[in-house]
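Participant: Put the complex together from the two separate chains, hints included.
So the sequence lines, in the order shown, correspond to chains A and P.
The opening residue of the first sequence carries number 1 in my numbering; numbering runs sequentially from there.
The opening residue of the second sequence carries number 1 in my numbering; numbering runs sequentially from there.
Some but not every residue of chain A turned toward chain P, in silico, with C-beta under 8 Å:
1) 66
2) 68
3) 89
4) 90
Keep in mind that the hints were calculated from the coordinates and are not lab data.
Please read these numbers as outputs of a predicted model, since none were measured by experiment.
Just so you know, even glycine gets a beta-carbon here, dropped at the ideal spot from N, CA and C.
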Amino acid sequence: MSEYLVLIYESEAAWEKADGETAGTMMKEHQEFGERNGAALRGGNALHPTTSATSLRRDASGKLVVTDGAFAETKEALGGYYVIEAGDLDAAIAIASQIPAHFGGVEVRPIRDVG
Amino acid sequence: MLAATIRVTGDIDVAEECVQDAFTRALATWSKSGIPVKAGAWLTTVARRRAIDTLRRQTSQRRVMANFVEPQESALPSYSDLASIADDRLRLIFTCCHPALSSETQVALSLRLLCGLTTSEVARAFLVTESTMAARITRGKKKIATSHIPYRVPTVEELPARVETVLSAIHLVFTTGHTAPSGSDLVRRDLVDRALDLARLLRTLLPDDAEVAGLLGLIILTDARRQTRTSSDGALLLLSEQDRTQWDHGAISEGAALVREALRTRPAGRFVLMAAIATIHAEASSWDETSWGEIVALYDLLLIVWPSPVVALNRAVAIGIADGPDAGLEALSDLTSDGALLGYNYLASTRADFLRRLGRKDEARLAYEEALSQCENEVERAFLVSRLRELEVGAN
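Chain P extracted, bound-state conformation (with noise of 0.2 Å):
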């Protein structure tokens, strides 16, 4: 409905006035005359209806914003028509996501303006004060205005670019969800969910797209472990030790299909090759059942699609377990060495666990008190306490 109202007004400001309108007509309409049938359809009309009246009285304004809107916008389309309702969000997503905003902005404005959320409930999901989230999500607005960043779907040549940019923004809400970067839980619930309604959406508009299929089934496939990850008492729980039979096997039957379905694509893409990795994990009856040859071969793909340090990281780990700690170790030297990861908590507890698993406590102690003082979420934090607590009772 926002969406929609955008195409006309050119503004997301004055669109979401006009949506606010139209909800308040509704209220006074409907109660005398009733829901109608078609309640979406009445407020996306009545909203675009308001937002044409707002533009014929901004008459000064118009030469500005005619960069935005549809020429042949004179007349009131249909509303029935649910393809071109699909196309403005579509659109809506691609202006949210744009390069030339933030990655935070493009989370900020995808949650807001796609997903609904309030300001407070967006400021509240990654940990910052409402002002601040106020004056990220004013200044986006302001740039998508000032820089007129266009509000319509790419063109084939550029779409598998700007859709690698959307499938980062929704996987950076996930990611900040499924292991919230500081407080008292592990999982933030509200934003795995949008993370999932974003990438559902996303699928819906592109069903042909293997990345957004990627991106749907690493989610799903992740989610499903959801019941396991902490202990009754709110511990962390590691792969190995979670209860394999409370995973949601609905769910991983879904992402799994979504991922054989995306493999079909070559060569395949960074989301793809990651839920190809959670969908092994998904299908295996238990950690040593677990075929980590095949683990590693994917990560060795995935390095060549995004070189990151973090994907090196994994990799290591793998590679740990498939081949011993002491070839996991030696993974992980050029990333120590390299320092693109200093600070980065997962690193030292990497190292830490190959050291304890080679009985060298010593060293093992010295990086778990270095991921410890790195790591701020507490669930993770408890888990590194209660592993020194281990190497300590050992070496008594």
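Bound conformation, chain A alone (with noise of 0.2 Å):
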């Protein structure tokens, strides 16, 4: 058996302009989607829209330069990831400046709580 991380590429504008009875039927679709599949999911998460997303590069220097936004840069590609808890976004890029991404940066991005 082999593991696969499975991302969702969706347009942000489409969601902030779907009415709730659209997102309900997502949520939904989801959550069937969850019962169907339920021997193979390992986990999952609804995200925060990438306007809470903060990165986290390292200049030159190797100083740690934390910036808003998400991380947009064609020349990188999604190689990893980890789902930390922390309690506050300064604890968050504590803990992400860390990690040893040598060749690009992280974007920490908070989960949303849709339970």
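Facilitator: Shown next, in the form of structure tokens:
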């Protein structure tokens, strides 16, 4: 058996415009997907939109540079992920900045509480 | 007051409503009973009590907010304690100027929440529409809430980097006001005053920080020349043309004292060095008497702590005066080929000035025209046009 990470890409603008009914239907479909594939699912989460993202990089001197927004460089590709629990954004940054992403950086995005 | 209320609510919007509410109640109560001696404390107490009521009602959201609310916050604390109010404002500064917010957002939130400007005032200051500014502020508050940007003073280890972000935001408010990026006035007085307020507030809150003293000194020293930066008809006057007797000498002494105090901390940081340069200008009796060699040496140090092309450009200007336009032009050559300042009108206008002084008129004219095509401040444009005319008169 092999493990796979399945990433969901959607238009944030469309999500923003979606009415409560559409959003409700999609939530229900996700639930149904979960029930049908329970044996294969190892976990999953919905993320807050990219406006809530914070990107971390190191400059040439190795100093941490924190910036607003998602990691939108086309040169770099998604290479891995960690799910962490932290008291606030500063605590999350303190942990995320230790991740050895020498060829790029990391993006910290809050996970939505949909439970 | 807003800062103190946010500590209870953990949410900026809810806190703003509670403060609004406190003012409404004050109007009703004070018209009957008169204004209390400690009116500010009264308002803060009412706003915070209102905040606690609101929190109790919003039990479903409580878990989310628990991140922000201090656990010991169950009873109303005493408000006579000025130190705690100062702490709240300091917390709010670090929240508004968190590095995870864009610098535009940091500035907008600081002006809105710390200086108390209305959204339309902030919008006017930055020459954007009110709806654009409202959206920017809303996005900023939403990011604070969803990504859980903390509402507290950073730890000792984090502090230097975080103070730097706050200082950069205040400096951005100041530079935007000192030379407005576009429009008919050279200076936006309201922004300069707000930057001064914020820098003074930060100085009260962090009295031992040399860079804070440096930024406050820099703003005071630069602003001390405000009366002399334009002529009576609004034309731009260069430092060499300004009437130094009209400078605010009281302000210069205050600024210079701050810089001398800050220079005792080694190595000197970016704002202290900029303020030290401003001190040399402010204390020189004339343009010719200015110690240009010392200014070049300070720019050398500044370029080490803050390797930015704009600093390199200013250093080249100083070299051009200390060692002549040939040396200045040489210092500029790397910057011209580097391309980082492409489209920055001060690069072209500096080169134009060196060429003019060397008598290379055709090249100077081209450089002035280039600067003119990149400049949107009308006062500065008028200056560039007058330089071009002088060249044409000289050529004929």
